[in-house]
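J.: Could you put the whole structure together from the sequences, leaning on the hints where they help?
First to last, the protein sequences are chains A and B. At position 27 of the first sequence (counting the first as 1) the number is 27 in this note's numbering, and the numbers step up by one without a gap. At position 1 of the second sequence (counting the first as 1) the number is 1001 in this note's numbering, and the numbers step up by one without a gap.
Note that these hints are calculated values from the structure, not bench results. Since the structure is predicted, the reported quantities are computational estimates derived from the model, not experimental observations. You can trust all of the hints, since none of them are fake.
Dumping the calculated DSS-like pairs for lysine-lysine here, alpha-carbon to alpha-carbon at most 27 Å: (1) 1107(B) / 1123(B); (2) 1191(B) / 1035(B); (3) 1123(B) / 177(A); (4) 64(A) / 1064(B).
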Amino acid sequence: MSLEFLSAFKFLKKETFLHNLDPRAKLLLAITYTINALLFQEIVPLILILITLLPIILIGRLFKQWLKSIKGMSFLYIFIIVLNTLFIKDRGLSFAIAMILRISIMISAFSLFFLTVDPNDLTLSLIAMKISYEYAFSFSLAFRFVPTIAIEAQNIMDAQQSRGYEMQKKGIINQIKNLFPLLVPLIISSIKRAFNVAEALESRAFGSKKERTFYFTIKYSTKDWIFTIYLILLSITLIFIKIHFISMPLWFRWGLPV
Amino acid sequence: MKENNSLPLVMMHDVEYIYSNGTVALKRVSLNINKGEFVAIMGQNGAGKTTLIRTINGLIRPTKGEIFLEGENIDSKTIATLSKKVGIIFQNPTHQLFSNTVEDEIKFSLKNLNLDREEIQIKVDKVLKEFNLEKYRKRSPLSLSGGESKKIAVASIICRDPEILVFDEPTLGQDAKEIRFFVKLIHNEIKKGKTIIMVTHSVEFTIEHSPRTILMSGGRIIADGPTKNVLTNEFLVENSSLVLPQIYRLRIELQKIGIDVPKEVVKEQEMIDFLNIYLENKTTSIPEGRLN
Chain A
1 MSLEFLSAFK
11 FLKKETFLHN
21 LDPRAKLLLA
31 ITYTINALLF
41 QEIVPLILIL
51 ITLLPIILIG
61 RLFKQWLKSI
71 KGMSFLYIFI
81 IVLNTLFIKD
91 RGLSFAIAMI
101 LRISIMISAF
111 SLFFLTVDPN
121 DLTLSLIAMK
131 ISYEYAFSFS
141 LAFRFVPTIA
151 IEAQNIMDAQ
161 QSRGYEMQKK
171 GIINQIKNLF
181 PLLVPLIISS
191 IKRAFNVAEA
201 LESRAFGSKK
211 ERTFYFTIKY
221 STKDWIFTIY
231 LILLSITLIF
241 IKIHFISMPL
251 WFRWGLPV
Chain B
1001 MKENNSLPLV
1011 MMHDVEYIYS
1021 NGTVALKRVS
1031 LNINKGEFVA
1041 IMGQNGAGKT
1051 TLIRTINGLI
1061 RPTKGEIFLE
1071 GENIDSKTIA
1081 TLSKKVGIIF
1091 QNPTHQLFSN
1101 TVEDEIKFSL
1111 KNLNLDREEI
1121 QIKVDKVLKE
1131 FNLEKYRKRS
1141 PLSLSGGESK
1151 KIAVASIICR
1161 DPEILVFDEP
1171 TLGQDAKEIR
1181 FFVKLIHNEI
1191 KKGKTIIMVT
1201 HSVEFTIEHS
1211 PRTILMSGGR
1221 IIADGPTKNV
1231 LTNEFLVENS
1241 SLVLPQIYRL
1251 RIELQKIGID
1261 VPKEVVKEQE
1271 MIDFLNIYLE
1281 NKTTSIPEGR
1291 LN
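T.: Rendered as structure tokens:
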């Protein structure tokens, strides 16, 4: 098992238009694209939505990581295709492809968010959204520990495999049972780490003062507003199409015969 | 099997490993380890030690080069097969303990060996006795102290009776009594004909117990030879973020005041023996007049 696709969600510092946007604008991107994807169940409009994401990915110079995140989900895609074509009698394959596109859009939007938002800025933007510092901080702390836990999971897997643990087992019950040797150590060490982090924070006087100041500040600038307007216009257009879907040209509703 | 007896147990030939992010962890690593050897692998953090030991049981497949175990290429063998021959004991015991009782924890390691119920029970009893863990048999492994959970981690590998035992930082965080137990255990395993590979930062432990040392730096092997030669080479030691062994430093200090300690003296006991003999000779040979 490879945890490599997790790297598609890990922040990398770069100097691009997308990276320099305010984290709130990028959160808006993830949310609007998720909503847009949920509006449609047809292949053509979903492809069009995905295409509108491509220039954003290219601007952020993230094409490689984006491909990785899509590849990482490939086993899920196969799952969707098999289940849908088996159980949906009427045009199951078309529906499966539409669902894959829908998931791809959501994953792309969120991976764009995680790839381009510095966890530190995330705290700042949450505070700017009037969320209290304690919650904002623990939220960003959770992000910061995702790669750490991924490494830990790999170490646990190595340790168990060294004593004869096998990943593949026959039967669903055996497969679930087989997760215990991995999940129990992972949960226990995560809890232990949480306590350690809490102690380390308290020994540095975390939360000693209600009001705190920040060294860095973030500002919603002109380029953020331009980006926001683009997102809003796109969403309005798509909602318009959705409402008047019946009067749209026929090719818009095109699907595979199966 | 017989024809393999002349071959080294582990052979690595030009092994290279590059992580997916581009970091080169191993560069043209070649080494031979014979049956019954006790080898220490040393070097600064990030030198590639942990990557190297992970290649021996297939957890990491080299990007280039070949590894042979008992003369057979391990390329096509599964981790499950290899782990019967190579038992790696990792640094952090909490990474593998998950069962409700210590007994079940040991049993888990034995279940994949195709043994029947009684055989498993016999092996569990034997290893618990050997490790002095019988009193914890029904305790949760997670409720025990650091030293004891390390013992369980080691026991859960030793019970599988692998040919090669690989330890990652075995002495880290252990108290003196636990280290003594570990030393006894290692010598016991060597007597049984097992091969020991140990990754460590402890210069003192290596010079006292391990006859051979492999020194790594930047993914390469920079020295491989008798421990007393490798760890007393000031240039190598300096460049690997290590310190010279205490006894060697003592030897240098003694030489400064005119006591000529022979080069062979590198271990604690050897130094004690030398000084005993030296002082005996000195007191008998010192002219009376000079004592005042």
